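Make one complex out of these two single chains by using the hints.
Residue numbers (our numbering), protein chains in the order written: chain U, 1 to 152; chain V, 1001 to 1431.
Keep in mind that the hints are not guaranteed to be accurate.
Said to hold, decoys possible - Distance windows between CB atoms, simulated:
#  : chain 1 : residue 1 : chain 2 : residue 2 : range
1  : U       : 145       : V       : 1098      : 20 to 30 Å
2  : V       : 1220      : U       : 120       : 47 to 57 Å
3  : U       : 120       : V       : 1157      : 50 to 60 Å
4  : U       : 28        : V       : 1101      : 24 to 34 Å
5  : V       : 1216      : U       : 44        : 16 to 26 Å
6  : U       : 36        : V       : 1229      : 46 to 56 Å
7  : U       : 10        : V       : 1048      : 32 to 42 Å
8  : U       : 121       : V       : 1407      : 44 to 54 Å
9  : U       : 60        : V       : 1430      : 38 to 48 Å
10 : V       : 1232      : U       : 28        : 18 to 28 Å
11 : U       : 39        : V       : 1109      : 38 to 48 Å
12 : U       : 31        : V       : 1385      : 25 to 35 Å
13 : U       : 65        : V       : 1229      : 37 to 47 Å
As the list claims (entries may be wrong) - Here are some, though not all, of the chain V residues that point toward chain U, as calculated from beta-carbon distances under 8 Å:
#  : residue
14 : 1184
15 : 1186
16 : 1209
17 : 1341
18 : 1357
19 : 1359
20 : 1381
21 : 1424
22 : 1426
As the list claims (entries may be wrong) - Below, a sample of chain V positions facing chain U; criterion: calculated Cβ distance under 8 Å:
#  : residue
23 : 1339
24 : 1343
25 : 1423
26 : 1427
27 : 1428
Source of the hints: derived by calculation from the structure; they are not laboratory data. In this text, all values refer to a predicted model and were calculated from it rather than measured experimentally. Note that beta-carbon positions come from the ideal geometry of N, C-alpha and C, so glycine has one too.
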Amino acid sequence: MKPDETISRRRLFTWLSSVGLFGSAALAVISNLVFFKPRVTYSPSARFAIGKPEDFPPGTRLARDVERVCIVREGARMAAISTTCTHLGCIVAISDTGFACPCHGSRYDQDGTVTGGPAPKPLPWFKVSLAPNGEIEIDKNQQVEPGTYFTV
Amino acid sequence: MSTATKPPGAWNAIRELPSNVWSSIFRNPLPSTDLERASTSFTNFFLHLHPVKVHRNTLRPIYTLGLGLISLFLFVILVVTGILLMFYYVPSTTQAYDRMLDLRGTVAFGIFLRNMHRWSAHGMVAVVFLHMCRVFFTGAYKKPREFNWVIGVVLLLVTLFLSFTGYLLPWDQLAFWAITVGTSIAGYAPLLGAQMKFVLLGDTTVGQEALLRFYVLHVAVLPAVLSLLIAIHFWRIRKDGGLSRPENAGSPAPPTNVGVVKMRLEPGAESGKRTVFGLQGFVRGPFTKVGNVPDDSVYSWPNLLLAELFVLVLTISVILVLSLIFNAPLEQPVNVMHPPNPAKAPWYFLGLQEMVSYSAFWGGIGVPTVMVGLLFLVPYIDRGTAGVGKWFARERLLANTIFLTMVLVNVIFIIIGTFFRGPNWGLVSPF
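So that you can see chain V by itself, here it is in the shape it has in the complex (with noise of 0.2 Å):
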């Protein structure tokens, strides 16, 4: 009898076979304990972009409104819609809008994967511009988050030229027109603006080399720096100590830049010249405490994971609501003899066009430059810590009043654009 010495059977290993392939997949069963739940998140690829505990303040639907989730969530779709119209669409010009008539005719859910793109797009140039301005009102932006704030406002950017350099593939007189526009204004941008303007386009004019260099800058090379961006963007988010929230909220939080704290770790460690430091001694921003330290945050499993899949869920269900409801639009092909009267920038320049109307270079260059530059700099200007965590803090006020007056300039300057101005960009009214 020398059973012992013989291997497992083959019988038990094909017996086992599906759960030993579950089992090497899954690391863990469906968590039922704490330890279980937090080793969930700790252990699986895509969840341990979650921090195991998640203070309850992140959890607040009004505090957040979800808004940074949704611009992400919107980017996915856009990324899926995009390659799928990929498969379908020639950056010429002879054939780009035939290509944009295929969509609507011919191809199997043509037109409402186009539907979903264009309204994906123009949902997350909104959105990233709410989450922006959810961040300045609750004061998100203080000591630690400077830089993140800083990528932000690189990520709205980056959002806009995405936008803008779509707008033009689908090759029709709204596209072509609003390009024209839209490059002059660089143009205008003192020193380089000409050269700038050439090397945009590829071409004096809006023509083929425009198309192609825009196609690709909207297909390869943008999508590429905002993914990048906004992995930086959430690792920051995590590495700063999690979303931003009250002093007090909960129990008494830990000074919000530790360093680095010494540890030692072996007796006499001191008496040498070098000084150990313990990994735990880099953490920064406030801990997430494990164990029964009494405080008041949950675990990201499942609080967290829900939440996200509720903001996911209603981003995809208005996506394809309004996909199903409206077409986007598609206007003549283009005419390069014959402008529309008036000619349009994409609804999110049109407060930018408005001001172009006065002065070219003030309302096109110098005004935005300035706005920029502010933004890029409100979190090393505005360098005072209270009302940090709340929407419209009272200690926040002058700030808020400065940032929502840049606010609704812009957006009335974009209501005028969109609604008052006709022909020859003379007043009109929509009434």
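With the rest of the complex left out, here is chain U (with noise of 0.2 Å):
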């Protein structure tokens, strides 16, 4: 045998290896990062329902801070419009105008197009439906355009 093959032959377990010690290294960071990420969260159900139609009456603007959602009815139409401000999270407050973020100033209207601030998006709509048991159910993972009405 010739000497450079054994060198060669090293070389290649050289290579072998390493590539399995990087490798796994690369691996081991992959699945921590899998890791970090949950699978479960524990914050309440993204769908849930919020009563009767006939609870809301035509004109009703409600704000329901725990599920960060205003109900909005008008005549038979209902939607849902998110009160989580885009700009940061803030929630934002049902003003004379529409809404108002309290952190930075973000002016939204009536339907959640952005007329002042920084916020850079309007406020999504979220999809309105009736439940089976005859409330109406809102799904927070399911956006709709805006003035995409529900009709009850």
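Spelled out as structure tokens, the structure:
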């Protein structure tokens, strides 16, 4: 056997073990990142019932701070607008002209469109539906186009 | 008479026990000669962090202002008071606030410990920042100290993150909304922003998971990271030739980076293939001369140690006095329905929040990223060697002006955010 062949075998093993070592290290890092991302969260469900349609008479604009959503009813049409400020996540309050954020002064109109302040996006609208038991159900995991109403 | 073969008497052993134990612990008597001073620094675990001799410039209070040391001592105070506070704290949304009230009302010295921890934390953020300013304005980040500057920038960031994670723990209104605002800023980062925020909070909103995560980061992960980085920071100060100083301070300094000096150890060593190196050959940077060489250095024992002791006593005294006079604030317990108006971040992030009020992405992510990036790159951009070791050197007018402008802009934003912002983040007069 020629001496340089011996060296190349040694080099091969060096390479293989390096790949093994660094590969394992990379795998360890990735699995730690996976570990840090929770699979279960303990916060309240994003889909919830808010009551019968008749609990919300026409003209209602009711902010529910626990679920961070504003229930709007105009005539027979209902919608749910997020009250989480799209700027930095504060809870916006209902104001005369729509919504106003206490943290950085973002302002929105009645439909959640930005009218002033640093907010980059309008307030999202959530899907409203009627559950089989006759209650209005809101799903915060499903956004709908602003202006999309659910007719009760 | 066989006394000569008898082992030393047990009586003697007992009689000499105290002095034997003493001398086995302490290798040197209290030094009275230069040799003993050197030996004391060299052989003691705690003292060997120091060089045997230091340059006089290192000891000039007006040069360093002791800011690095003050940062270290504040960190030590924070570790000690933090560990004590851990004995009474529970990272639970239902208990944390009550534990704060307990610290204030029933735990012996509880309020005092909490004050010390809070004021030291604020102090550390401020002093670490000032330390960075000192290093910049004296040009101390120049070759060969570039990488230590980079470590210093990381130390500043870790300090800020430590302070930020600690901010949530009292679980009062201030804590909750400051963290809500702060983590939303992280959510604006491109690509991974939303993921990052979710992983940091462990949930979609600030709650029990976030409190637990911040707690673990605050009491275990970040202090460990900070300690390791501090150790490297100090080690490199030594290996980079001590603190920076003017080129011509005292005796003419040898070149700052001599690399490996080949020293022929035995005759004929060069004739073979191998070159033999003396260990001395690996020493980089200005050498410490020992012996009758005229130079401008003094023995660390007692000069450096006394200076350090003075800074330590001063730091502890100031923190003690502050903690006796001012109580750490504690607001109402968390009410997730009602953000305070205005909801403000901790003071050192108010500059950031002020910028965020103009544009969430540029204020919260864009500009800070550029600034931190510039900080990391400064020693690799600014390669001139003139004006090192001098405050506001004329040769460094441009660099100093740019840095000072950045500092002032930040300070002005912090002042505006702190004093001139009222409800709905509108402009108000503090007077």
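Inset, instruction - Would you pick out the hints that fail for this structure and give their numbers low to high? - result: 1, 2, 3, 4, 6, 8, 12, 15, 20, 26 and 27
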